[in-house]
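4 protein chains.
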Amino acid sequence: MMSPSNATLAKHKPKTESDTPSLRDRLIETRALSAELARPLGDEDQVVQANDDASPTKWHLAHTTWFFEAFLLKRFLPGYQVFDERFEYCFNSYYESVGARQPRGKRGLLTRPSADEVRAYRAFVDEALDRLLDKPLSPEAAELIELGINHEQQHQELLLTDILSLFAAEPLKPAYRAARPGVGVSEAEPLSFVSFDGGVFEVGHDGSGFAYDNEGPRHEELIRPFRLATRCVTNGEFIEFIEDGGYATPTLWLADGWNTVKGQDWTAPLYFEKAEGGYMQMSLLGFRPVDLAAPVTHVSYYEADAFARWAGYRLPTEFEWEVAAGSVPLQGRTLGQNHLCAMPAKGGAKLKQMFGDVWEWMGSAYLPYPGFKAAPGAVGEYNGKFMCNQFVLRGGSCVTPEGHLRRTYRNFFYPHQRWQFMGLRLASEV
Amino acid sequence: MMSPSNATLAKHKPKTESDTPSLRDRLIETRALSAELARPLGDEDQVVQANDDASPTKWHLAHTTWFFEAFLLKRFLPGYQVFDERFEYCFNSYYESVGARQPRGKRGLLTRPSADEVRAYRAFVDEALDRLLDKPLSPEAAELIELGINHEQQHQELLLTDILSLFAAEPLKPAYRAARPGVGVSEAEPLSFVSFDGGVFEVGHDGSGFAYDNEGPRHEELIRPFRLATRCVTNGEFIEFIEDGGYATPTLWLADGWNTVKGQDWTAPLYFEKAEGGYMQMSLLGFRPVDLAAPVTHVSYYEADAFARWAGYRLPTEFEWEVAAGSVPLQGRTLGQNHLCAMPAKGGAKLKQMFGDVWEWMGSAYLPYPGFKAAPGAVGEYNGKFMCNQFVLRGGSCVTPEGHLRRTYRNFFYPHQRWQFMGLRLASEV
Amino acid sequence: MMSPSNATLAKHKPKTESDTPSLRDRLIETRALSAELARPLGDEDQVVQANDDASPTKWHLAHTTWFFEAFLLKRFLPGYQVFDERFEYCFNSYYESVGARQPRGKRGLLTRPSADEVRAYRAFVDEALDRLLDKPLSPEAAELIELGINHEQQHQELLLTDILSLFAAEPLKPAYRAARPGVGVSEAEPLSFVSFDGGVFEVGHDGSGFAYDNEGPRHEELIRPFRLATRCVTNGEFIEFIEDGGYATPTLWLADGWNTVKGQDWTAPLYFEKAEGGYMQMSLLGFRPVDLAAPVTHVSYYEADAFARWAGYRLPTEFEWEVAAGSVPLQGRTLGQNHLCAMPAKGGAKLKQMFGDVWEWMGSAYLPYPGFKAAPGAVGEYNGKFMCNQFVLRGGSCVTPEGHLRRTYRNFFYPHQRWQFMGLRLASEV
Amino acid sequence: MMSPSNATLAKHKPKTESDTPSLRDRLIETRALSAELARPLGDEDQVVQANDDASPTKWHLAHTTWFFEAFLLKRFLPGYQVFDERFEYCFNSYYESVGARQPRGKRGLLTRPSADEVRAYRAFVDEALDRLLDKPLSPEAAELIELGINHEQQHQELLLTDILSLFAAEPLKPAYRAARPGVGVSEAEPLSFVSFDGGVFEVGHDGSGFAYDNEGPRHEELIRPFRLATRCVTNGEFIEFIEDGGYATPTLWLADGWNTVKGQDWTAPLYFEKAEGGYMQMSLLGFRPVDLAAPVTHVSYYEADAFARWAGYRLPTEFEWEVAAGSVPLQGRTLGQNHLCAMPAKGGAKLKQMFGDVWEWMGSAYLPYPGFKAAPGAVGEYNGKFMCNQFVLRGGSCVTPEGHLRRTYRNFFYPHQRWQFMGLRLASEV
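Chains as they are written, first to last, in my numbering: chain A, 46 to 475; chain B, 46 to 475; chain C, 46 to 475; chain D, 46 to 475.
Hints listed in this document are in silico derivations from the structure and should not be mistaken for laboratory results.
A portion of the hints provided could be inaccurate.
Note that identical chains are pooled: a pair holds if it fits in a single copy or bridges any two copies.
Unchecked claim - Below 30 Å or equal to it, Euclidean Cα-Cα: the simulated DSSO-like pairs (lysine-lysine) are:
hint	residue 1	residue 2
1	Lys319	Lys180
2	Lys180	Lys151
3	Lys119	Lys218
4	Lys307	Lys418
5	Lys180	Lys395
6	Lys319	Lys391
7	Lys391	Lys180
8	Lys151	Lys119
9	Lys395	Lys430
10	Lys430	Lys119
11	Lys397	Lys151
12	Lys119	Lys180
13	Lys218	Lys430
14	Lys119	Lys319
15	Lys430	Lys391
16	Lys397	Lys307
17	Lys391	Lys151
18	Lys319	Lys418
19	Lys180	Lys397
20	Lys418	Lys119
Keep in mind it's a predicted model, so treat the numbers as computed, not measured.
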């Protein structure tokens, strides 16, 4: 399904330079994948915004395109004329340095430009990117293309989580894609733990290859001996928490978590619904029985933290996780495997499921690393200005695009948010 | 533009009975007009809801269809199977007797059923209506068809006011239709008044032909001598009020009005924008300079009342208006003339513009007439349950469908609402 | 209890002029009664505001005093120096013409001036009023004193309803005064109706003696024959409505009423609480079992209207009520009788309880009478600017001060409000 | 001013045991200080709640008393009967394990129990504490007394910050106490920095003497070399930031901070008002000109962070601060010095003002230390459940009671809060 399909970009694959080819290929693939992900959706599906956290598909498609136009083409492609000057207002996300923009909560009002016009906009910008890539690139431009690819990959994941939030809000509960036979019938492996030694470890990105600014500077952290669960917490385990009165026991919760539980009438993870004979959950594969062996998905930090307290454990810190992740290959069930839902862990009592399936909530606030400085200009707004009130998630999910992850990757969300593919893994002192 | 185009309904025009033919013809025309009104819009335009007051075009198209299915076909067409059982939840508007429904503020989440499916739903119901009309109708069924026609006509007006509210909220400010040349260049006729004698008058609908339940019972009202302006208040006059500090003078306003002005930062009618050299206003014809000679449009009751106080007049009561309306022909610039905006009054110092152009705010609360009883069952929820907190408007607008109005017609909205084509006419004691 | 106790004012009762003496006496009595009503309260009770509708006792005491200072003393007492210039900001209620003021919802923040200072303010102004009254008064000044007396009487009623709203919000549920023995044990008289002929009747105040501007102009109204219940609806009857599912049956309610019921979780009148063996209600006499024979109190217009619909009746119009009230003496159980709660009707199948006990919701929107014009200046803001979105209540309550009522008196509140002593009486067509 | 004045407690000072005496003395002093702090206030001042963050004085006085009753007397004083069973509902703050309670935002509704009753409640509990202390205490009871003392000290600081928030909201802007002559006329010392070496340091409380649970476990932290300003940022420096457009420059702010600035219309620290010739600020000493040499007070984390970014520095981490604090004596201008406002730093280019004057915002999220476990039972709710969404502040303020601080002391507030005596100190990498 995920093969490139964007004709304009695909036709001249560059052959000359040793470095840019792969950049161009990856750009082509990334741009094609966005279009591919929108394909199962009607134009109507693409325009509506289900809530303030989520953006419409069409907006994602246009915003990622505008990103290349605003930060790359206008600066580096001589004579480039923007497709439509008014699109900057429509499709700037949050770059204060760039200027005024459609308010975030009103992205769903943009019936115009139409989906057709947005597709034309994508083609226009792809064609211009193609021209840009025909000539040798300055390092700065190459870096911005790399950033643009990674940026678009993030929006690919958001596109899927956001369309799920829309479909879950619709009375007809449509599926993004039909489920494959056999999904959801396996049994969970028993919970076990792996121990890690303490010490001073280097963490953070070392500067080789692309990384977001928030992954550095690489620095030393003092880590105490710890134990980490070999797999994520499953739906079955989380249902035990529910049925033990987890959502009705204030002493298990952080104060802000408990206020949220009461204020929002939370009684289960997002998209869960109690039905006769068990729990159902809305997913990209439709409204389906919960797979007890699969990782619990769509839980907030508050729920993850309360579950861990109930179970007698805690969440890992992001540095514990990063040290542990150094011991396993950088692979997992991400978007390329096309499950579109988190799958049960397999493989016995070793550390697994560190990448893919669900993002794992860390017990670490999202803060700058020592010595962090945001880049100057609009691109510097990418990560730094969000370093407050959020928690770190690590490891990627079943809808994270291939090649997007790193061991040092730091995702971050507010502790009440749960519409992403979020779960947890238990940890403890040794 | 407004010719019937719905093939299914159009093909067998009944010829036999003396009474139903015209009902059938009017049904066919009405159903066709709805489709016609949606034609300039893309499917994306039809799905989005700009605010809680407005509904998406697609919802209007489906809801009016559901109305015939729920209240007519299920009862009167033997063997009728509903198109899709889930549509009742999706497209019931406010009928508590019928059951649960999509919350009003979330009608814009319904990307499914798609616009195509809604069109198929319309064709399916039209075909069933056609079959129903092939046989002699019971009086009750005929009455419900009549109600369904009038109901759909109301939604046609709403469809246009609601799409305007969406387009006005979009940064690209699209026009529903291009303006004709020459619109907006005339000069207003001077304001003059017509006097009416007092006395006891019969008002309300006399029961011949269709009327909504809220127009009756016909009864006597004691009316004092009064004067009524020959035409509506113009944009030019309203701009004088603005420039005289009308929106900054609390003593001109009702207390609730002043709170609204302050709370909502109102400084002009809805869709107005101050520009160099004058005012612009968003309209179905796009974002255009205000026509100073045309009736001011999109003002709330609060603004109408404050303007009247500033001008030294008052709003007429609905019974004064009805008595005055008895002296002029039931005709005006409504949807059939296809202006899609209010036009300047023409014709000298006689009473004019009583029908069409803009709904006129009355100084009358929307309350039941003496002896009013709502009909039993769901249809009884049509009007009666809204008889609180709203004010009456009379006379119809430039987007009221042909044949929909009566001299006794009572429209009603909350005093803060202004997204309809609402204006005012001055009155005073003699 | 209600004897004058304000020494400053009481000591020189004027003896010379034929007209002002009674005005002075009434002023003295009124001023004294306010102090008397505050006496059972601690200073702490007097400063807190339980909700945005209610004002603190201290604020009432100061605002009524400011009213005399601002509208009377500053204009008519030569050389008068205000007690404290800053009090105008603190104690102006809603007079936009006068200037900025403490926001209504923040009256409860005024711990300063202290209750002692407010008492000193009252004494200071009383003494100045005394001096003013020593000399012949201009008609305009006399009229403003009359207005000030009536204004203060209104605030006396509010003081009691507002302190009840505070005490009801407190966990310790204090009583304003202990109940007398024997309250609440009688049985209700059966419901019966009196018929009235139709015709054209004069209504509104005829200009002799004091009345608020909203009671005029006197004018003719056409009234149809009607029937009016001989007494108010009782708690017992209202509990039948509750137990018949009244609060769970949407078709009994106005749409706005139903939204309020759902949005506010209403299941009974305000201050009701279901207990073992029946209903309790918080009152000025404390938290006590509901007296089944007494008029239901603290119901909104929505509840009154829904009850009437459930019972097969309707609410009377304010003109029907006024015509009927012309047939009975202007007397009832008001504040002077010192019950502090509505009492059961007594006296058989004749019209009774028209004055006192509970204000009765009318099925009439609060609108200006034909030819109404607000007075110029700040005093003109008294009534006119509220003529929108409210409903009329007639007849006074158990906490309306003696001598305050008239047959033409129009009270008004929003249809959702119920913290006043509000009930209803049924009516119907003949 | 701060001498003990509570007769009941003061009269039998224990003389026998070597350990409890000082505990008893400190208990007596602490209880007496609370009463002393309330003395300048009228009972009305003590009952009102200015906003949801602040509690009324009376509530603080009663809650701290209830704390001893609920956690100490009921368990350890045989035969103890509570003063009034209903007070638990009224004066429990947030202990879910204890039960239901008056909602936080409605503490200001409690006009009952009256201030007199609360004073009697204090005397009653003090007397019981006295009896308890007459006998040898179990270690657990002694620990709870220690906790109760520290708890009450925290509320003493809150009492002052909360009464300031009330007085600042009042139009008459009363002073809690008159200012001493000469306050506010000095000049700020120049800004300079002290350097610290990096390394692995032990931080957190070592268990000797009392500390809150959140200060431990003591553990090692890896710290990089850093520089710390010798004094806090002054009002004069902060005004430079304001006048350089700090509040209008989005790129200086965290995203959540910028949303707060826009949403709340912030243009200066809390209680600041721009006046002719400079800035005024409401304080416990009344509404006074800002002292340019004194530490800026009443800034949020967002403002502290934005200022630091503008100045080219950053906030210190809590561990950097704690290491630096190890180098200076544990003394500063706290409540005992009775300034009631932050004072200019004095003493040249060495580290100063580390304790007292203003709490300093740290760039550290408030999270559990490694191995932290909340105590079992209600007391375990003291700190742990707030470890989310807040930031750490260090060092105490001008209104922190004597003897309350430690170098390991961790205060915490939400980043938008600023009604405490909060300021900042700059830091940087070396």
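Each hint, compared with the structure:
| no. | hint | in the structure |
| --- | --- | --- |
| 1 | Lys319 - Lys180 | neither (58 Å within a copy, 48 Å between copies) |
| 2 | Lys180 - Lys151 | neither (39 Å within a copy, 50 Å between copies) |
| 3 | Lys119 - Lys218 | between (42 Å within a copy, 26 Å between copies) |
| 4 | Lys307 - Lys418 | between (39 Å within a copy, 25 Å between copies) |
| 5 | Lys180 - Lys395 | neither (48 Å within a copy, 58 Å between copies) |
| 6 | Lys319 - Lys391 | within (27 Å within a copy, 56 Å between copies) |
| 7 | Lys391 - Lys180 | neither (47 Å within a copy, 63 Å between copies) |
| 8 | Lys151 - Lys119 | within (27 Å within a copy, 39 Å between copies) |
| 9 | Lys395 - Lys430 | neither (38 Å within a copy, 33 Å between copies) |
| 10 | Lys430 - Lys119 | within (25 Å within a copy, 50 Å between copies) |
| 11 | Lys397 - Lys151 | neither (41 Å within a copy, 42 Å between copies) |
| 12 | Lys119 - Lys180 | within (16 Å within a copy, 68 Å between copies) |
| 13 | Lys218 - Lys430 | neither (36 Å within a copy, 32 Å between copies) |
| 14 | Lys119 - Lys319 | neither (52 Å within a copy, 33 Å between copies) |
| 15 | Lys430 - Lys391 | neither (39 Å within a copy, 35 Å between copies) |
| 16 | Lys397 - Lys307 | neither (35 Å within a copy, 45 Å between copies) |
| 17 | Lys391 - Lys151 | neither (43 Å within a copy, 41 Å between copies) |
| 18 | Lys319 - Lys418 | neither (47 Å within a copy, 34 Å between copies) |
| 19 | Lys180 - Lys397 | neither (43 Å within a copy, 59 Å between copies) |
| 20 | Lys418 - Lys119 | within (26 Å within a copy, 55 Å between copies) |
Checked against the numbered hints given earlier, this structure breaks hints 1, 2, 5, 7, 9, 11, 13, 14, 15, 16, 17, 18, 19; the rest are met.
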